[in-house]
Amino acid sequence: MTPSPKILVELANVSKEYRVGEIHTVALKEVSFKIYEGDLVAIMGPSGSGKTTLLNMIGLLDRPSSGKIYFEGRDISKMSDKELAYLRNAKIGFVFQTFNLVNRLTVFENIELPLIPKGLPRSVRAEMVKEALLKVGGELEWLRKKPNQLSGGQQQRVAIARAIVGNPLIILADEPTGNLDRASAKIVVETFLKLNKEGHSIIVVTHDPEIANCMEKIYVIRDGTIIGQYYADPKESLLNKISGGYVSSGH
Amino acid sequence: MALYMLFIDFIRLATKALKERKTRAVLTIIGISIGPLVMVMMSSVVRSYSDYIVERITSLGQNAIAVFPRENYRLSEEDLSFIRSMPEVMRAEPFYSTQALLKRGSDEVRISVFAIDYKLLFEAIGSLEIMEGSIPSGTLSAIIGKKVAFKDSGEQYFMLGDVITLVVPKIEEGTIMGKKNVNVKIGAILKEYGGALIVDPDSTVFLHPEAGRKILGMRDWSGIFVLARDPAMVRDVVSILRNRYEDRLQVIAFSAIAEAISSVTMAIDFINFSTSLSAFAVAIAGVAATMITSVMERTREIGVMKAIGYTSSQILLLILLESIMMSLIGGLAGILLGIVGAHFLSLRGLTISGLELSLVLSPKITPSLIIQTLLLTIAVGLVGGILPAYKASKVPPAVALRYE
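The listed protein sequences derive, respectively, from chains A and B.
Under numbering that gives the first Met the number 0, the residue at position 17 of the first sequence is numbered 16, and the numbers go up by one with no gaps.
Under numbering that gives the first Met the number 0, the residue at position 135 of the second sequence is numbered 134, and the numbers go up by one with no gaps.
The set of hints was computed from the structure by calculation and includes no laboratory data.
Do not take every clue at face value.
To be verified - Computed cross-link-like contacts, DSSO-like style, restricted to lysine-lysine with a CA-CA straight-line distance of at most 30 Å: (1) B/190 x B/146; (2) A/234 x A/196; (3) B/363 x B/146; (4) B/213 x B/145; (5) B/393 x A/81; (6) A/145 x B/15; (7) A/5 x A/216; (8) B/18 x A/144; (9) B/390 x A/145; (10) A/33 x A/81; (11) A/77 x B/390; (12) B/15 x A/129; (13) B/15 x A/144; (14) A/77 x A/28; (15) B/145 x B/363; (16) A/134 x B/15; (17) A/145 x B/393; (18) A/67 x B/393; (19) B/18 x A/117; (20) B/18 x A/145; (21) A/216 x A/193; (22) B/15 x A/81; (23) B/393 x A/28; (24) B/18 x B/390; (25) A/193 x A/144; (26) A/117 x A/90; (27) B/390 x A/90; (28) A/90 x B/393; (29) B/393 x A/77; (30) B/169 x B/184; (31) A/117 x B/390; (32) A/117 x B/393; (33) A/129 x B/18; (34) A/90 x B/15; (35) A/145 x B/21; (36) A/193 x A/240; (37) B/146 x B/184; (38) B/190 x B/102.
For reference, chain B alone in the conformation it holds in the complex (with noise of 0.2 Å):
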């Protein structure tokens, strides 16, 4: 009870000390401020992408790779027996894939149409789910995306049964000789699915795999898609293939590619969390200087609370409590101030070039990124404070009174 009594006067003193020197204490505190503030907003909008496009492309499935032919290369049957020989290989599918444009009313809207194993499109990208009708299963039935379906008004455009008629490229021997018109049944409609990587199930026309013979008239497998038996697996068949095909094919890993986007990411979060550190330390150096000159200001009147009683380590508490409350008031400051400038670096959102991908999201302002800017700052109070604080302490009663 009396410690904390003695406690609670202290921050009263130390408030009081503060306040007697409100414009240095000011600039300090804005000093101060700049780390945390700079930690929550850049860090809070990185996390918050970066994570998004982790999910994104970890949601693809983490065992499944994509095999694709470069220039001059058909993938045959003999490809696809290899693959499917592999141990490490628990499924491999061909599929088609083209651009096309649709024909709703009088728009055309761009988008894309796989013709793919269904059985492997739902097991490969987990999340995605059927939110009318059921799988097809004749050549003639597509799977159509929430983007097909529905405008961008929100109002659904075609319905379950509806007959959609697609425009796609004329293949003739392999070379594309104009366009044509194909007609399909949707047989289901997915529900949404999101901002997508790589794959945009949302704008996609999903088709049985033979329609790509039969339909597209494609002569060509676009690719074929693999799923590994474990995930751990994924790095062996991908080290295999690129092995024995070189530069034949491209071999695609999704979950590569979500580690190389989150080893990028960390190394942006390493830079800002650097450029944070930086602006901490600059703050330690003022505190420091604030610090300093204000014992030296009070060497007296810490000689009169020696001379009365006030024991050394109280002293430097006392002096310590002042850096700490100004660190503190800082800390919040400017994670409040990190908050807003978040929200508004944010509303900037991120052009993924390529693929067309637009993203605005919220900033990604976690409790434990809130903790962890308030420890560093408090830090900054405590390094900063603890040398003149120490000063004070050890400043003898005598001498101090003696002081001018």
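So that you can see chain A by itself, here it is in the shape it has in the complex (with noise of 0.2 Å):
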């Protein structure tokens, strides 16, 4: 018998409130929600329908209105700002929209920042950059270029080169391939399927159907609530609608 999968995150009964003045916005309804490790998620849903929001409480960036998010079974509301970005630190990767590298700092440097944190040698973080950069699929002479020398797909991977160099166990993608071309898009998802099978549980927010169906389950969410979770149908996936092949997580 195999033992069940490990509870990575959970969110019971999550709600998240916003007020601007006189404006007050319900962003999240009482949401419960697991992750599990191992797991290939996509989360669906129209613009301003918390998706966001819910990778947010996901990725320990902000903290609910009401209800509990439990990670690794610990509540998180018992727990500091300081004790959180430890946690984001060792066990969470990010990968946004725009990229959001630093243009200033090298490619190396950019990689390079969530070990900062970490306090380790110089030699030990170089070799876990480049390990990072050409498991995303990367080439070595990008790590002295500045981000922007390089193309949208590239610096996506360069993100997530980023997201993963700390190896954490889950990598959350708000829109990851929101500002590429189909062709980069596809390098990008490919790229979350390959490490997904080396451990990694991936959750993508995308509005895009063809990404969502990439994914193993998608959860559909509107007006804050999740409304429906579904397993996701390979046939409709962006992966074999560009090649016609398709790249098994092994799920």
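Two chains, two frames, some hints: make the complex.
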């Protein structure tokens, strides 16, 4: 009998409200949600549905207005901001739609950024940076370049390298292909599938069904509520539509 | 070790951030450098001259008092006895003084002549030393200053034992009746005393006290030189004499002059410090404006850094390091320019009118002045950077990532 996969993140009746002056917005309404070890999940929904808010909650970037979030079984409401920062550094990797690379730093320095708070020696960091870049299909000659000297797809791979350099449990990607052409998007998706195969849990927020169908499970969110959970249809995936092939995640 | 590495990495990141906005950083650094420049330049020059003047005056003896008769008053034996009878007074001796012309070959040099008790003279001016010869005993021998014996070129004109001719006012019945020549033998030559205030031993011929009456023909004492038992008693002696003689005598305590000059220079120093502080205050505003703009522009970047695990205090340190680095660069540049400026400023010299004294001194650049200036400049960076750094550290990561 195979042991049931470990729960990494659990959201229990999580709500998030924002108040700006007189305007009161409910971004999430009593959402309950679990991320398991090795998950390959897409969160889909239209703009303003609460996808990013949900991703921020999973990524410990924000605290809920009500409800509980457990990270590896620990209630995060009892943790300080400093403890959350340590957790994010050690366990979570983030990939953003606009890459969010620092253009004044080289590719090497960008990928190295999450390793600095860990206090690792430079030689160790250099090895980890190279390994991460190669893992996402990058080339070592990029290391000395500035991000704006690379194409969009290359920049997103650098951003993914930055997300995985610390070997996190979970990679959270917010519209990672939103600014890319289909060929670059395909490479990014393939990179995610490869990383998932290596044991990383991948959560991708997208409004693109072809990207969502590259994952295993799809959660659909609307008006701050998860309205459905489906298994992805590989035939409708971007990978299938571009090349007619599909890289299995192995799940 | 890990903390040290983190600090080095943060300095590297802060340097890159400053380099990215070079023009803004350079302008801010220029703004910062003005405070230390003014502080080092002005303070070092003012302190140099004030310390020199005070040191010269204090070398005259902190327990020394000079008493001069005002117009229409003649010092008498009774006055001398009264002063000597004061318990606070250790010694009191009358002296004669006049101006004279010295014939030195074809030149005539203007000098001062003092007929004063030699022992009292050396007691009152502690740093006065004889270069050649010994204290003479007769009324026809003199002790002469270095500038009397030597020409301006440094060549010695008068030797020990030479006879010099002084042209002094001829006084009959208390009134000047023309000029007369006085010949005295050189018994001793003094070592160079240096720039002098009130008394200039280098350009003076000192004679035995009796020579005042016998050789110079002066009827009245020019003054009485008084030594108090203790510097702390000077104030009492001055007060007693002023109360007794009111406007008839002028009582000058050298320590009081030193105190007065010290307080004036302290006031100048304070004004200079306040002016520098104004420049520092403007620099704080400059640093704050630069850093607030920088933080606003980098809000998203700060959000990313927080998302990938930087703590609030690490963000605070990172931003603060940028402002401190700008301050350090500005401070060092300001100090260097201040040192250069101080040398230029001090070249102008200082002329004390009345004493016919011109001084050109090197600025007094001390480690304490540099450290004080540098600490103030670092404080500029800290104060100017703390609010932007705090704001950056407190911005929630989710909010920072949404920032457009």
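Pair hint residue 193 of chain A and residue 240 of chain A, alpha-carbon separation not exceeding 30 Å = Status holds; Cα separation ~19 Å.
For the pair supplied as a hint, residue 33 of chain A and residue 81 of chain A, confirm whether the alpha-carbon distance does not exceed 30 Å.
-> 24 Å, holds
Residue 145 of chain B and residue 363 of chain B: Cα distance at most 30 Å?
-> 27 Å, holds
Given the hint that residue 15 of chain B pairs with residue 144 of chain A, test it: the Cα-Cα distance must not exceed 30 Å.
-> 15 Å, holds
Straight-line Cα separation of residue 15 of chain B and residue 81 of chain A no greater than 30 Å?
-> 26 Å, holds
CA of residue 90 of chain A to CA of residue 393 of chain B, is that 30 Å or under?
-> Since the Cα atoms of residue 90 of chain A and residue 393 of chain B sit roughly 22 Å apart, the hinted pair holds (cutoff 30 Å).
Hint consistency between residue 216 of chain A and residue 193 of chain A [alpha-carbon to alpha-carbon, up to 30 Å] = It holds: about 16 Å lies between the C-alpha atoms, which stays within 30 Å.
Taken at face value, is the distance from the CA of residue 15 of chain B to the CA of residue 90 of chain A at most 30 Å?
-> 28 Å, holds
Given hint residue 184 of chain B paired with residue 146 of chain B - CA-CA distance at most 30 Å = 16 Å, holds
Measure nothing beyond the straight line between the CA atoms of residue 18 of chain B and residue 145 of chain A; if it is 30 Å or shorter, mark the hint as holding.
-> 14 Å, holds
Holds or violated: are the alpha carbons of residue 18 of chain B and residue 144 of chain A at most 30 Å from each other?
-> Holds - the C-alpha atoms of residue 144 of chain A and residue 18 of chain B are around 17 Å apart, at most 30 Å.
Given the proposed pairing of residue 169 of chain B with residue 184 of chain B, does the C-alpha separation stay at or below 30 Å?
-> It holds: about 20 Å lies between the C-alpha atoms, which stays within 30 Å.
In terms of the numbered hints stated before, the structure departs from none.
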